[in-house]
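Student: Each chain, letter by letter, is given below.
Protein chains: 2
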Amino acid sequence: MRVLGILGGMGPLATVDFMSKVIAHTPAKQDQDHIPMVISSIPQVPDRTLAFRGEGDSPLSAMLENAKRLAVAGADGVVITCNTAHLWFDEIQKSINLPMIHIVDAAIEKAIEKVGANPLLGLLATDATLASGLYINREVKNLSGERIQVRWLLPTAVEVNEFVMPGILAVKAGKIEEGQELLIRAGNCLKQRGANALVLGCTEIPIALAGESLGIPLIDATDALAEKAVAWSRCYGIRNE
Amino acid sequence: MRVLGILGGMGPLATVDFMSKVIAHTPAKQDQDHIPMVISSIPQVPDRTLAFRGEGDSPLSAMLENAKRLAVAGADGVVITCNTAHLWFDEIQKSINLPMIHIVDAAIEKAIEKVGANPLLGLLATDATLASGLYINREVKNLSGERIQVRWLLPTAVEVNEFVMPGILAVKAGKIEEGQELLIRAGNCLKQRGANALVLGCTEIPIALAGESLGIPLIDATDALAEKAVAWSRCYGIRNE
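From first to last, the protein sequence lines are chains A and B.
Our numbering numbers the first residue of the first sequence as 1 and each following residue consecutively.
Our numbering numbers the first residue of the second sequence as 1 and each following residue consecutively.
For the record, the hints were derived by calculation from the structure and aren't laboratory data.
None of these values were measured; they are calculated from a predicted model.
Glycine included, every Cβ here is placed at the ideal spot set by N, Cα and C.
Check each hint, because a few of them may be wrong.
Stated by the list, open to error - Taking lysine-lysine and the DSSO-like style, the derived pairs with C-alpha atoms no more than 30 Å apart in a straight line are:
hint	chain 1	residue 1	chain 2	residue 2
1	B	K172	A	K29
2	B	K68	A	K68
3	B	K172	B	K114
4	B	K29	A	K172
5	B	K175	B	K68
6	A	K141	A	K94
7	A	K68	B	K29
8	A	K191	A	K175
9	B	K141	B	K68
10	A	K191	A	K172
11	B	K141	B	K114
12	A	K175	B	K141
13	A	K29	B	K175
14	A	K175	B	K175
15	B	K191	B	K141
16	B	K68	A	K29
17	A	K141	A	K172
18	A	K29	A	K114
19	B	K94	B	K68
20	A	K114	A	K68
21	A	K68	B	K94
22	A	K114	A	K141
23	B	K68	A	K94
24	A	K141	A	K68
25	B	K191	B	K175
26	B	K94	B	K29
Unchecked claim - Simulated DEER-style distance windows between Cβ atoms:
hint	chain 1	residue 1	chain 2	residue 2	range
27	A	A210	B	K29	22 to 30 Å
28	A	D90	B	G211	40 to 48 Å
29	B	A24	A	E162	27 to 35 Å
30	B	L64	A	K172	33 to 41 Å
31	B	E65	A	Q44	26 to 34 Å
32	A	W152	B	R234	38 to 46 Å
33	B	R234	A	K172	18 to 26 Å
34	B	G211	A	K175	45 to 53 Å
35	B	A131	A	K94	51 to 59 Å
36	A	K94	B	L98	41 to 49 Å
37	B	A117	A	K94	55 to 63 Å
38	A	W152	B	K29	28 to 36 Å
The whole structure should be built from the sequences, with the hints applied where relevant.
Tutor: Written out as structure tokens, the structure reads:
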């Protein structure tokens, strides 16, 4: 099995959550069946959202340093356990000579698996992830190299300010029920506008919406990345390495 | 802050549990306040219990290889997130030139903090951990270099076979309630024989006994190690590095 390198620490709990999802996706009867991982959980990386807004230092050099820790520790490939940090994905991939799996690719592939081709996907994510185009601009290709077609539905600015961001902040503060109520309202807005599925593109959102039924599939991007990483380590079903 | 190296993967869930406890013990208002960690969670290490019984390969060379991954990735010190794997602690410490924190030291210090000097400690652990002397033979010294006196109470062979091991196996199989009932019975035997506190020297046991009241303090060795590791990273309260 290939050694999965996890560029984590952004934040540390999201890293633990991702590792738990990797373990849950691994068919294992004993310790030795689980996939090998090396993890960098070094949280002293400048804030990604502030950097995106032009209000803080770039996290790139710290992320590169931590990616290199994974390379020397024997990682055969690397994933990043933070949506916003994927804004620097291409620059990291250029600097380390290892395959990487992108969280948006994993989320879109999972969405197509659940709802079929050419879906209309509602996106719940932070203001910075939405505004950066991280999801909506990503070109995902299928095994034949053709671009996978998806259409996106985003929350309005009012919905972001009144439901999505307060919902995420409530979860971060441990107020899960309050966050759940707000995020369900945001999700229902996207559903009413015709979304076939909701992509949860922020690590906090699945914590509140896990097991919730909004009547359409919920795609946990972190979980999709974990599942794809397990498949990659076990050497099947992954292209473009 | 010093970079904590975690020699994990034995098993992977215990590694995630330890990381969660590290995060819980860290006073943090934002990501950047958390301690930096690098983790090797590579489960392809020969079974420690089988090796102890002379029925399987030694895990030492695999553990050494993984400890070296941590060293090259920038760890300033190392902990091992498996009780039984501590049987090879001294050999690992000799091979890597880094300070290490021993889980038994952490557990004993926490027990003394909770119940005072010269305690009579009940020990709940696997058959292999009990039989190896990992806990009962460990010499723990205080800041003045004097040996800390502790006395131990162990479960009888019948209690090990009827309560402790079936309890641990029930937890491993996800039957928490069944495991809880068995482990409470084992704990009560030790309490009735006069234990001042119970040391939970196996990662599965705290999962079933968390929050249980047996009328005496329960010392979760993994949690004690996590707390001590956080203090070490933040550079206070640790001797002998």
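Student: Which hint numbers does the structure go against, in order from smallest to largest?
Tutor: 5, 12, 17, 20, 26, 34 and 36
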